[in-house]
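Chains as they are written, first to last, in the UniProt record's numbering: chain A, 1 to 294; chain B, 1 to 315; chain C, 1 to 503.
The set of hints was computed from the structure by calculation and includes no laboratory data.
Some hints could be false.
What the hints assert, rightly or not - Covered stretches of chain A, as calculated for chain C (at least 3 residues, CB under 8 Å): (1) 90-104; (2) 139-150; (3) 247-260.
We put the CB at the ideal spot given by N, CA and C, even for glycine.
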Amino acid sequence: MNQELPSYPPPAKYDAISIWRKALRSRSFVIGAVLALFVLIAGVTSIFWTPYAIDVLDVSQRLQPMSSQYLFGTDQYGRDILSMLMAGARTSIIVALIAVGIGMLIGVPLGLLAAAQRGLLEEMVMRTNDLIFAFPSLLSAVLITSIFGPGTINAVIAIGIFNIPVFARVARGGALALSGREFLLAARLSGKSTFLITVEHVIPNIANLLIVQASIQLSLAILAEAGLSYLGLGTQPPMASWGRMLYEAQTMVAFAPQLALYPGFAIIFSVLGFNLLGDGLRDLLDPKMRRRVA
Amino acid sequence: MLWFAFLRLIGLLTTLLAASLVIFVVLEVLPGDPAEVMLGLNAQPDTLAALRAELGLNAPVTTRYVSWILGMFQGDFGISYTYSVPVSELISERIQVSLPLAAGSLILSTLIAIPVGVYSARHHGKIIDTGIMSVAQIGIAVPNFWIAILLVYVFAIVLRILPSGGFPGWDVSVLGSLQALLLPVVALALPQASILARVMRSALLDVLHEDYIRTARAKGLSNKATLWRHGVRNALIPVLTILGLQFSFLIAGTVIIENLFYLPGLGRLIFQGITQRDLIVVRSSVMLLVALTIFVTFLVDIAYAAIDPRLRRRA
Amino acid sequence: MHAKSLKSRLLGFAGGAALAVAALTGAHTSADAKSSLSLGMALEPPHLDATAGAAAAIDGVVYQNIFQGLTRIGPDGSVLPSLAKSWDVSDDGLTYRFHLQNGVVFHDGTPFSADDVKFSLDRARADDSVNAQKPLFDGISEVVVVDPQTVDIKLTSPSGNLAYNLAWGDAVIVSPKTAETNKTKPVGTGPFKFDRWMKGQEIRISRFDGYWGEQPQLDTASFRFISDPNAAFAAMISGDLDAFPVYSAPETIVQFEADPRFEVAIGTTEGETILAMNNTRGPLKNKLVRQAISHAINKQALIDGAMFGLGTPIGTHFAPHHPAYNDLTGLYPYDPAKAKELLAQAGYAEGFSATLKLPPPTYARRGGELIASDLKKVGIDLKIVPVEWAQWLSEVFKETNYDFTIVSHVEPMDIGIYARDKYYFNYSSDQFKTLIDELNVTVDEDKRTELLKQAQQSISEDAVNVYLFQLAKTGVWNANVKGLWHNAPTPANDLSQVYWTDN
């Protein structure tokens with residue numbers, strides 16, 4: 001899913017103002033950015049403030065309907081659902097950002113190294129990549145979290161590991177695509193080291209590819225976190241998670257369907273947000289791909 | 001081409017071996033003793049020791065790894081700790097559920113995605129195209145287990161026309177088994193179909209801009225005929241590639257879906273095996289799924305190289 | 001491929017698929033024939049040899065359906081005759097003579113005799129026995145075959161428990177011919193014989209025509225294994241299952257009660273659900289801290305919140321339906337202020353942090369969240385760590401590497417565990433040990449009751465654990481199904497008396 005083949009970025013620098021103009025005209029980018037920002041703000045706010053505390057349960061207030069007191073009602077333990085959703089946004093964002101961060105920080109250098117030092121090293125990096133790809137990601141995340149214990153940190157690690165080969169592939173592909181370009185040859189002739197060339201010329205030129213991939217991986221990471229938490233292997237109470245909320249709501253779907261609907265919508269919103277953002281960014285940063293995207 | 005295939009085959013075998021080592025080591029670290037799980041709270045130490053010896057848990061690690069690998073080559077996967085039956089028997093039972101589930105959702109998603117993608121591409125830029133692609137965009141964002149919960153609620157709890165889960169077995173009732181797989185297949189297929197429809201559309205749009213399409217038009221072929229004869233056929237190549245890549249995601253997706261519908265499939269076998277510390281079952285089932293994924297990736301690579309010779313140099 | 005053919009094929013596929021879907025949904029029927037029963041169980045048994053495993057799920061399938069013992073436990077917990085139609089005790093109390101039923105055959109056609117009894121009991125007591133409840137047979141010195149219909153069991157010392165012990169699923173009689181294969185193909189003397197086992201899904205049994213007793217009314221039955229409460233709910237409410245005798249989603253009981261298609265039976269179990277505390281760890285060494293925690297937890301809110309009201313508050317480690325129960329629920333009323341005061345007295349005015357390890361059952365996972373919330377209010381921060389049973393057994397039960405855990409002790413009459421050294425809550429009280437020693441040699445019923453009440457008082461005053469509630473047995477089944485057990489004196493799904501009334 002979403003293993004986009006590397007495309008060929010133009011080396012030219014962009015003009016910031018014209019990008020912004022284009023950005024605001026791109027429907028995908030605007031909608032995606034608004035949704036992603038909304039989730040981000042909800043998550044960040046929940047660190048300082050939620051309407052009610054989510055770790056203090058009040059059974060006497062359980063399953064309240066929507067009201068001015070509880071905007072989205074309460075769950076089976078009397079927790080305010082709005083507060084739970086906000087805290088769930090925090091979990092999703094944190095897990096996704098760190099997991100994708102792990103993937104980028106390890107995967108990109110590996111991919112660049114593979115592209116710069118072709119031969120045995122490249123072979124090793126790419127075979128390790130294949131090895132990780134060979135494990136169906138969610139299945140392995142289930143294995144990892146059962147072995148090291150369920151919890152947010154282990155979920156982050158489990159999801160992060162599977163982001164490494166993705167970024168390694170994108171970075172290597174992007175770097176290889178640049179290899180014949182004149183400006184790289186010029187830099188090499190001027191006596192710059194491979195490392196310097198990579199830092200000064202390759203990375204800036206594949207940055208757009210990486211940004212696009214990152215937003216796609218963020219949405220995948222949010223889905224993965226929800227899946228793990230649904231299985232009870234991700235984030236643990238008292239911290240909230242949309243996947244767990246869905247799991248707990250399932251038996252009550254007949255008399256309290258809202259409990260299953262809200263977290264579902266929250267997941268869809270955020271995943272949609274990051275996907276659209278990715279599409280929008282691709283439109284802007286990589287005009288060659290434009291035609292393909294709605 | 002043959003040389004390329006040979007190199008890839010060597011790579012495939014190395015990856016398989018490395019994967020088996022990873023699986024084995026990882027499961028060795030897993031806390032918990034299968035013998036304790038089987039005997040429960042009041043187990044006496046001598047009873048535990050007797051059972052451990054019976055299960056062959058006392059042999060050194062290297063011996064157990066080597067005998068596992070050698071056994072697999074002979075089709076002997078060992079005896080399940082908890083079920084006391086050959087693991088190969090368990091796996092073959094479970095495949096009868098997981099394979100139709102994965103294949104069914106692949107087929108269903110293709111059946112939905114191709115017509116929708118083609119339709120959308122033909123109406124490129126119109127409102128209907130934007131509408132379809134928006135729906136597809138949302139479809140990608142929907143977790144399959146959420147769809148499953150809603151499907152169970154509507155079709156099993158409210159309408160009561162389909163079972164909420166379980167699997168009667170092919171030899172007991174073919175119809176019942178098909179019924180049991182219907183909702184899980186739909187839940188797995190919808191998000192996949194959304195992705196495929198987008199790929200289909202963009203692939204077709206790409207193809208339609210190629211020269212040979214213009215040539216075909218110039219030759220006097222009708223729009224429709226050109227679209228189907230040249231456009232769709234050529235656009236199917238990238239679609240099939242994506243399909244191959246989706247396989248691994250489908251396999252992983254079945255873990256949640258099989259749990260939700262309590263289908264006795266491979267994903268749930270692994271999940272249960274982990275909780276019951278039936279590691280002998282877990283390692284062979286995971287190995288099987290990994291091998292399957294590696295093999296499919298290998299086929300996709302070969303097919304790719306066959307189509308596009310430039311790629312041979314790179315892989 | 002021609003243009004038209006590809007398109008028409010695709011359309012054909014789609015059309016065919018639509019037709020198939022229509023056919024599939026139309027033909028689904030949920031009601032079973034009246035002579036079969038599908039019954040849900042949360043856990044799948046690892047194998048089916050009741051004499052070689054602790055899993056309650058084994059008994060849930062085979063006990064009294066496939067396998068029978070000399071005696072059996074009835075729906076009300078009493079000990080009744082089974083393969084032994086009667087028994088006498090010698091005057092010195094050291095020899096039990098069992099008179100066996102006539103005309104009993106195993107499902108493979110082998111006739112049953114006293115030799116099988118001797119074989120089964122000797123096998124269970126042997127040195128290399130893998131019987132999970134081996135201590136049940138501790139007092140037996142010898143099993144003697146008198147004649148094919150009579151067997152003597154000799155004891156080392158008199159015991160009032162023999163008939164009860166022999167009624168356990170672990171003491172069922174097996175045939176020497178099939179003992180080794182009972183794990184996968186159980187052969188017993190019961191009213192039902194084993195048909196097939198689809199691993200991970202269900203076990204089917206059917207009526208055994210050669211049964212020695214009254215023929216059961218059901219022709220066939222299937223046990224389906226659904227561990228997920230969500231899936232269990234969906235399977236029951238949609239009518240896929242006829243019965244779920246130990247149903248694990250209490251929040252949905254109201255829906256079944258309101259629906260005339262179902263009968264809901266709330267019964268008792270032997271499960272005392274406790275917040276176990278490691279009595280040798282940090283602040284928990286201090287009795288005041290343990291008492292503070294007992295005051296800090298709102299038990300009724302816990303029953304309401306985690307079990308949706310299904311459960312009986314208890315104040316000690318004893319089943320409330322037992323005559324010797326001592327009602328100590330008033331000892332630690334919910335009082336956060338008092339809890340804080342006690343904590344301050346103990347030197348923990350600022351509270352402390354600890355971990356709470358939760359095994360998989362619903363009561364533990366849900367109860368844990370509520371307890372963490374209650375304790376937070378008095379300054380104790382609990383980190384919730386969910387564990388699987390395998391981990392729980394090794395980390396909590398065996399290595400006692402934990403601070404708090406929640407678990408239900410389902411063994412009947414098990415207050416004696418508080419006298420054991422190194423038992424997982426690490427409680428050690430000489431006074432309590434003396435009480436139990438005295439109890440073990442006391443025969444007089446009134447005196448025993450008195451001692452049992454004292455024992456309960458003693459552990460509650462020491463606040464060894466927080467006694468939360470007695471687990472209820474919540475059974476849900478089709479309103480037309482009759483004859484299932486309402487209570488759970490032993491884990492069993494005895495189907496011999498089950499029948500359907502007219503729909």
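*Are three or more residues of the stretch 139-150 of chain A within 8 Å, CB to CB, of chain C?*
Contact hint for the stretch 139-150 of chain A vs chain C: holds, 3 residues under 8 Å.
*Quick check: the stretch 247-260 of chain A, covered by chain C? Criterion 3+ residues, Cβ under 8 Å.*
holds (count 6)
_Check of the stretch 90-104 of chain A against chain C for coverage (Cβ-Cβ below 8 Å, three residues minimum)_ = violated (count 0)
Consistency with the previously given hints fails for number 1 only.
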